[in-house]
Amino acid sequence: MQTPTNAGAAGAQSPHHPRDVVAGLVNDGMAAFVAGAAVREAVHRAARVRFIQVLPVGLSTEDRAEMDVAMFGVALRALHRQRRVPCTFETVEGEAAQMLVERSRGAAVLVVGRDSPDATVRVGQYCQEHAACDVLTVSGPDDTQLVPTGGTRSAYSVHAGDRAHDDPDRADTP
Amino acid sequence: MTTLIERTRPRITSVESEPRESEPSKPESTNDGTPPTWLATAAFDVDGLLEDLRSRARASDRAQERLAALLDAVLAVSADLDLPEVLARIVRCACELVDAKYGALGVLGADGEHLVEFVTHGLSQEEQKAIGDPPRGHGVLGLLIRQPRPRRLRDIATHPDSHGFPHNHPPMHSFLGVPVRIRDGVFGNLYLTEKQGGADFTADDETILVALAAAAGIAIDNARLYERSRRLRRWLETTAEVTQLLLEGRDEGSAMGFLATRTRELSEAQLAMVALYDEVGELVIRAVQSGEPSGAAVRPDAVLGTVLHKGHWRELIAEHESVLLLTRLGDSTIDSLSADVRALGDADPHGPTALVPITVGDDEVGVIGVAWAADAETYVGNVVPLLAALAQEIGLTLAAARGQQDRSRLALLEDRDRIARDMHDHVIQRLFATGLSLQAAARMATSTSVRGRLDEAVDDLDAAIRDIRHTIFELHRPTPFRELREEIVDLVRVCAKTLGFSPNLTIEGSLEGLAVDLEADLIAVVREGLTNVARHAQASSASVRVTSGDTIQVEVADDGVGVAPTAVHSGLANLRKRAESHGGSLTLTARTPRGTALLWEALPDRD
Numbered sequence: 056m057q058t059p060t061n062a063g064a065a066g067a068q069s070p071h072h073p074r075d076v077v078a079g080l081v082n083d084g085m086a087a088f089v090a091g092a093a094v095r096e097a098v099h100r101a102a103r104v105r106f107i108q109v110l111p112v113g114l115s116t117e118d119r120a121e122m123d124v125a126m127f128g129v130a131l132r133a134l135h136r137q138r139r140v141p142c143t144f145e146t147v148e149g150e151a152a153q154m155l156v157e158r159s160r161g162a163a164v165l166v167v168g169r170d171s172p173d174a175t176v177r178v179g180q181y182c183q184e185h186a187a188c189d190v191l192t193v194s195g196p197d198d199t200q201l202v203p204t205g206g207t208r209s210a211y212s213v214h215a216g217d218r219a220h221d222d223p224d225r226a227d228t229p
Numbered sequence: 000m001t002t003l004i005e006r007t008r009p010r011i012t013s014v015e016s017e018p019r020e021s022e023p024s025k026p027e028s029t030n031d032g033t034p035p036t037w038l039a040t041a042a043f044d045v046d047g048l049l050e051d052l053r054s055r056a057r058a059s060d061r062a063q064e065r066l067a068a069l070l071d072a073v074l075a076v077s078a079d080l081d082l083p084e085v086l087a088r089i090v091r092c093a094c095e096l097v098d099a100k101y102g103a104l105g106v107l108g109a110d111g112e113h114l115v116e117f118v119t120h121g122l123s124q125e126e127q128k129a130i131g132d133p134p135r136g137h138g139v140l141g142l143l144i145r146q147p148r149p150r151r152l153r154d155i156a157t158h159p160d161s162h163g164f165p166h167n168h169p170p171m172h173s174f175l176g177v178p179v180r181i182r183d184g185v186f187g188n189l190y191l192t193e194k195q196g197g198a199d200f201t202a203d204d205e206t207i208l209v210a211l212a213a214a215a216g217i218a219i220d221n222a223r224l225y226e227r228s229r230r231l232r233r234w235l236e237t238t239a240e241v242t243q244l245l246l247e248g249r250d251e252g253s254a255m256g257f258l259a260t261r262t263r264e265l266s267e268a269q270l271a272m273v274a275l276y277d278e279v280g281e282l283v284i285r286a287v288q289s290g291e292p293s294g295a296a297v298r299p300d301a302v303l304g305t306v307l308h309k310g311h312w313r314e315l316i317a318e319h320e321s322v323l324l325l326t327r328l329g330d331s332t333i334d335s336l337s338a339d340v341r342a343l344g345d346a347d348p349h350g351p352t353a354l355v356p357i358t359v360g361d362d363e364v365g366v367i368g369v370a371w372a373a374d375a376e377t378y379v380g381n382v383v384p385l386l387a388a389l390a391q392e393i394g395l396t397l398a399a400a401r402g403q404q405d406r407s408r409l410a411l412l413e414d415r416d417r418i419a420r421d422m423h424d425h426v427i428q429r430l431f432a433t434g435l436s437l438q439a440a441a442r443m444a445t446s447t448s449v450r451g452r453l454d455e456a457v458d459d460l461d462a463a464i465r466d467i468r469h470t471i472f473e474l475h476r477p478t479p480f481r482e483l484r485e486e487i488v489d490l491v492r493v494c495a496k497t498l499g500f501s502p503n504l505t506i507e508g509s510l511e512g513l514a515v516d517l518e519a520d521l522i523a524v525v526r527e528g529l530t531n532v533a534r535h536a537q538a539s540s541a542s543v544r545v546t547s548g549d550t551i552q553v554e555v556a557d558d559g560v561g562v563a564p565t566a567v568h569s570g571l572a573n574l575r576k577r578a579e580s581h582g583g584s585l586t587l588t589a590r591t592p593r594g595t596a597l598l599w600e601a602l603p604d605r606d
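Residue numbers (this note's numbering), protein chains in the order written: chain A, 56 to 229; chain B, 0 to 606.
Bound-form chain A, shown alone (with noise of 0.2 Å):
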């Protein structure tokens, strides 16, 4: 779903865009409401969501490819009715949490599947414990929780972590 470039894992950042809220897609059953909460935040950041598919080294071209579909499935339907909202699709093979820290450099969110208390593979805290952005970890529609940048745990709040962490300052103005 995507050809790699020689730029940087982050999305493309200008001093003239909001930074982007990345939705990072695992396969953990959570890729609906992960989905469907990033493209909330972004419609309240006026900003662009890519939605990043992580999947296993190794799996087939058509197993990869129908993955691939209905992941992107996924991320239509938490579109719905958002035809203003801006994305990209993103699909790539590798070891989940460290590629969604590395592609979710410069992002001002990441959201993510919240770890069920007997994972042996804690893609949420892994992101939350490295990823340079706010992360938020998703476990239902309405269940969310914001880690601003550090790894903090900060009380339950959808939006506190963008105000506070605003473009970088810039010399534009008076």
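Errors might be hidden in some of the hints.
Heads up, incomplete: computed chain B residues facing chain A, CB under 8 Å, no partners named [said to hold, decoys possible]: (1) Gly108; (2) His113; (3) Leu307; (4) His311; (5) Glu314; (6) Leu315; (7) Glu318; (8) Val322; (9) Thr326.
In case anyone wonders, no lab produced these hints; they're calculated from the structure. Where a beta carbon is used, it is the ideal one built from N, C-alpha and C, also for glycine.
Dock chain B against chain A, hints included.
Same frame as chain A, now just chain B:
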């Protein structure tokens, strides 16, 4: 207007109530300490009163002048409905009203937190270029965004929120800013700096600017509504035009070409494409419109007929969801759907791309793709809903046109079936009965010659019955009308690849029942005509019109260089022979201002 004046008047009056430095105070004693005489006191009171009256009169005159200037400014900003011009006038009038050297109107983006447009007055283009990117709303400008209320500052640089000036920025000190509101929302802010003469902006200036901002909000709202309604009308006109084309018999390929052209124009996009599902369920590109290809860019018509295989396309259409893809220079990955669309013509590699499904209820018809330049990001959000509405209407129109064709075909088949049944049940039976009667009569005839004549008549009747049975069999074959029409459509579509553009094809009238050799000749004429255009005409557009009535006419017209007098006309001679064999003719005429029209005519010796 009355409301505005009434609203502003009390505030102007309040300016007068400010303490005035020149206002005399009542003297308490004379300089030498002796109490003032009643005459001296009375004289002093009269002088003070007169001075007070003069001062009030001057203030009143100033207020009247400023009010008049404000009214002029309100009229000026309301006098145009072109939004960019309205914004420029607002800034210019604001500067003139409060004697500011520099002015700007910052337009807030959808997030309400950043400026997406910055209209300035007082800075030359060179100065703006030297400063670089326009501000986004940090520092003092951001203060007005966060707290939208009027601000007056003696020196911008000393304000705690100031971030300083970028390089090459002219020095600015005094500052006056007010928000511009439209209904309940903040549209943007008016920023004025450097009051002429080095003075500070006054409360009077602030009041005047607040009043102007209120009028500006109304003017901007009017301009936006006007622009929106005008744009909506153009989109509706396009829908009506495509509907008319499809329902009056224009083939789908030509109609989709027109749709792509108008969609690109109305969207102010670099590229527009239309893909429709074909009979076997493949999603096929039917039209692409983009600017003139540059360098190695693909010619848009070279991709006509390409099948979009990716499962994402089907998923997109099945979900009935429009999507706005947005890739930017420097993105780590390139969205492949966006890249696929942009590669169809001469479009920037990055930028917004809208994909809008064409559906009718649960039926999936196709998709419209539109790609914009990279700098169109702020504009496209408003276009996508219009595209979605257009796609919905086009879906309905396509369904109606296809239904119309199906009904025509069904009516034709039913008519043929009825004719065949009538011939079988009535004509053949009566001929057969007549034949039997003649056979009986022949047996009773005594004259050999009469018997021979009757036997011949019976044989003729047998032959006639065989012919009618053959005709009945032919009537039940797949309809040649449909086949010939589709054959012409396919032929034109194939020729588009050679030509480098899609010719407009119009088929008027019924092509049913044409003799097989006339059908073959008709196809040959269209092929030869378009081949000549491709080989010799150097044309940028062409049209094919097939008209069936008392005569069959094929017209192939182009806007090319015309036919050279020395050209070899062997192909045309063939076409002329074909026309003459059907009692028709071939004419070749020059078009104005350029181009050639080939008109082939034949008499329809129908089966």
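We went through each hint and held it up to the structure:
Evaluation of the Gly108 (chain B) hint against chain A yields a held restraint, the C-beta minimum of about 6 Å falling below 8 Å. Residue-level restraint check for His113 (chain B) holds (minimum Cβ-Cβ distance to chain A is 7 Å; threshold 8 Å). Among the interface hints, the one on Leu307 (chain B) is violated; its C-beta lies about 13 Å from the nearest C-beta in chain A, farther than the 8 Å criterion. A cut of 8 Å between beta carbons decides the hint on His311 (chain B): the least distance to chain A is about 5 Å, and the hint holds.
Using the Cβ-Cβ criterion of 8 Å, the hint placing Glu314 (chain B) at the interface with chain A is satisfied: the shortest such distance is roughly 5 Å. For the restraint placing Leu315 (chain B) at the interface with chain A, the shortest Cβ-Cβ distance is roughly 7 Å, inside the 8 Å limit, so the hint holds. Restraint check, Glu318 (chain B) versus chain A: the minimum CB separation of about 5 Å is within 8 Å; hint holds. For Val322 (chain B), the interface hint holds, the least distance from its beta-carbon to any beta-carbon of chain A being 6 Å, beneath 8 Å.
The closest approach between the C-beta of Thr326 (chain B) and any C-beta of chain A is roughly 6 Å, which is under the 8 Å cut-off, so the hint is satisfied.
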